[in-house]
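Put together the whole structure using the sequences plus the hints.
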Amino acid sequence: MSTTKFGRYGGQYVPEALMPAIGELEDAYHRFVLENEDGFMDDFRARLRDFGGRPTPLQHAEALSARYGREVYLKREDLLHGGAHKLNNALGQALLAKYMGKERIIAETGAGQHGTATAMACAHLGMDCEIYMGERDINRQRPNVFRMRLNGAELNPVTTGRGTLKEAISETMRDWATSVEDTHYVIGSVVGPHPFPRMVRDFQAVISEEAREQVQEKAGGLPDSVLACAGGGSNTMGAFHEFVGDDTDLYAVEAGGSSLEVDEAGGVAPNSASLSTGSEGVLHGARTKLLQDSDGQIMESHSVSSGLDYAGVGPELAHLVDEGRVTPVNVDDDGALEGFHRLSQLEGIIPALETAHAFAFLEDEHEELGEVVIVNVSGRGDKDLESVIEETAERDIESAPDMDVFQGGL
Amino acid sequence: MSQSRIDEAFADGPAFIPYLAAGDPDVESTKEYVRALVQGGADIVELGLPFSEPIAEGSTIQNAIVRSLKGGMTPDTYFDLVDDLDIDVPVVCMTYYNLIYRYGEEEGPEPFVRRATEVGIDGFVVPDLPAEESGPLREACDEYGLDLVFIVAPTTRGERLERIMSQVSGYVYVQARLGTTGARADVSGQTDTSLGRLEEWDVPKAVGFGISEREHAERIVAGGADGIIVGSALVDIVAEGDTEEGTVAERLERKARELKEGALAGAADRPQPERP
Chain A
1 MSTTKFGRYG GQYVPEALMP AIGELEDAYH RFVLENEDGF MDDFRARLRD FGGRPTPLQH
61 AEALSARYGR EVYLKREDLL HGGAHKLNNA LGQALLAKYM GKERIIAETG AGQHGTATAM
121 ACAHLGMDCE IYMGERDINR QRPNVFRMRL NGAELNPVTT GRGTLKEAIS ETMRDWATSV
181 EDTHYVIGSV VGPHPFPRMV RDFQAVISEE AREQVQEKAG GLPDSVLACA GGGSNTMGAF
241 HEFVGDDTDL YAVEAGGSSL EVDEAGGVAP NSASLSTGSE GVLHGARTKL LQDSDGQIME
301 SHSVSSGLDY AGVGPELAHL VDEGRVTPVN VDDDGALEGF HRLSQLEGII PALETAHAFA
361 FLEDEHEELG EVVIVNVSGR GDKDLESVIE ETAERDIESA PDMDVFQGGL
Chain B
1 MSQSRIDEAF ADGPAFIPYL AAGDPDVEST KEYVRALVQG GADIVELGLP FSEPIAEGST
61 IQNAIVRSLK GGMTPDTYFD LVDDLDIDVP VVCMTYYNLI YRYGEEEGPE PFVRRATEVG
121 IDGFVVPDLP AEESGPLREA CDEYGLDLVF IVAPTTRGER LERIMSQVSG YVYVQARLGT
181 TGARADVSGQ TDTSLGRLEE WDVPKAVGFG ISEREHAERI VAGGADGIIV GSALVDIVAE
241 GDTEEGTVAE RLERKARELK EGALAGAADR PQPERP
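Residue numbers (full-length UniProt numbering), protein chains in the order written: chain A, 1 to 410; chain B, 1 to 276.
There is no bait here: all hints are sound.
Reference listing, derived: stretches of chain B covered by chain A, where coverage requires no fewer than 3 residues with Cβ under 8 Å from a Cβ of chain A:
{"no.": "1", "stretch": "58–70"}
{"no.": "2", "stretch": "151–158"}
Partial list, computed: chain A residues near chain B (C-beta under 7 Å):
{"no.": "3", "residue": "E16"}
{"no.": "4", "residue": "A17"}
{"no.": "5", "residue": "M19"}
{"no.": "6", "residue": "S170"}
{"no.": "7", "residue": "A177"}
{"no.": "8", "residue": "G281"}
{"no.": "9", "residue": "Q297"}
Keep in mind that the hints were calculated from the coordinates and are not lab data. The beta-carbon is built from N, C-alpha and C at its ideal position, and this holds for glycine as well.
Shown next as structure tokens:
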């Protein structure tokens with residue numbers, strides 16, 4: 001089997017101008033990441049520990065365990081520096097770029113977590129950094145915009161299309177096609193042309209490496225299920241990777257948005273559930289499962305959570321779903337908001353809206369998940385407060401506190 | 001190998017290859033504009049089939065694609081448009097791989113290539129399909145006798161050049177400089193270096209990316225190119241609409257003539273014009 005693909009997915013569908021850079025990256029990935037040349041991986045792990053705060057805890061969630069009558073553990077990636085799993089990848093790639101002698105870093109971001117992690121990694125390593133972010137996402141995720149700027153990154157608003165992650169990726173690829181000789185593109189998920197999906201997975205696999213050890217220590221065995229939310233799929237693959245060979249059920253929880261129905265004429269899928277409802281196609285450098293119309297035009301996706309709002313998904317995840325190893329499920333916007341409020345109240349953890357999808361699934365389907373369940377808390381929800389307050393006020397969310405308080409009605 | 005219509009288009013001197021996004025702003029206008037370009041001296045027409053994520057295009061063509069998609073352009077509308085064109089120069093379909101791969105009931109590029117053949121398309125340029133991934137499309141093109149044009153970038157070296165050389169037919173699209181498409185005030189020096197690398201290739205070399213003026217065309221052909229590809233400078237005229245200086249069609253024809261004359265002048269400047 002080709003090393004550039006996962007079954008029928010993956011590959012390298014990019015403009016010719018980028019192919020030499022991708023070849024160079026592939027070479028660097030083999031030497032530094034896989035073979036630890038110049039002690040790259042030791043350097044990376046040390047920085048993850050001292051700068052990033054790894055290992056993150058695997059916390060036994062007492063209230064959730066009592067509520068669901070099973071042992072629920074939380075892998076606390078929200079406690080990683082920057083507040084999300086994104087730093088694992090951003091630090092890995094920025095460091096790799098430095099080892100490769102590249103001077104400038106570019107990246108795209110949806111919810112801003114990847115942009116923030118990349119800006120932090122670049123400041124830490126003394127590298128120039130420019131972030132592309134859709135205009136709509138800039139408005140939804142202002143705290144992260146400030147954080148990126150505070151860490152010294154330039155921010156480039158993207159106004160094409162609907163101004164979300166899909167457009168930001170396209171725009172970053174355009175920049176890369178111009179600047180490829182001295183610039184590395186830190187792609188934010190397990191998507192894009194080979195070797196990105198494999199390399200990003202390897203940087204994120206530290207999540208399941210730690211979780212696998214921690215759960216055996218705490219629960220005396222492997223988990224029955226692991227749950228992770230899936231947009232592009234980097235925290236999903238990170239949380240699943242070391243369990244793929246085990247007898248553990250793996251659930252990728254996608255954003256069901258407002259509906260799983262598709263408005264073909266309008267070119268809009270009101271969800272981001274490409275594993276659950278998408279079809280095979282080629283986007284942003286890889287063959288994978290996509291939200292697209294019958295002609296192959298890419299649909300505008302939707303999710304209340306910017307971080308999941310993407311029309312594609314990582315090729316390895318698409319492959320594992322086809323193989324029956326990963327089960328794709330989805331939760332709608334209302335469910336995610338319920339999950340957000342419930343976890344905040346029960347456990348004192350304000351989760352990212354992305355992660356909240358996984359908690360909504362846990363609430364609904366816990367009876368199917370076995371005795372020991374791990375939920376990957378991919379990030380913290382501070383960045384989402386404004387949109388959660390706004391979205392909650394517009395709906396009937398049972399688990400939410402009195403929303404009048406937020407309108408100044410104390 | 002038998003001569004394709006594209007090969008023949010290069011037989012009588014430097015070829016002028018204009019690009020337009022099909023359906024920008026509507027199907028009828030595109031037909032009129034293509035005819036104007038042919039009238040002005042086009043030897044081959046590259047007609048873009050718009051894809052929603054055109055990652056290799058700069059803002060000019062990206063905006064044209066948005067206009068076209070808003071107007072309802074689909075692969076089937078595109079094929080009907082080409083079928084109706086009634087021009088005597090070859091048509092090359094420029095699009096992204098997902099549209100080719102997804103077309104028709106059966107999996108893979110064959111249904112798209114079959115339909116393209118039926119409407120008289122002569123070849124393809126697919127900017128997001130490097131030689132590594134092009135096997136199935138190359139095979140379908142061989143089956144139907146269509147050309148598959150590849151792009152060579154300023155960053156393309158060594159083994160990659162050989163891989164492309166073994167797969168390319170029709171012409172090689174020499175990318176004049178790094179980046180995305182878009183008209184530029186000057187032509188990059190990277191072009192000469194790129195052309196130098198391809199000197200021995202026995203396929204015509206057409207240079208594109210950033211050409212907008214007669215002088216660019218002349219310089220590039222004098223530097224050894226067998227053709228010039230011009231997109232954004234023409235799409236700009238379409239975007240502008242009718243002006244005091246003429247209708248879009250009139251101005252496209254005039255621009256085509258200017259660029260073609262530049263290419264011919266460049267060929268005359270060459271000490272020993274090369275023939276494919």
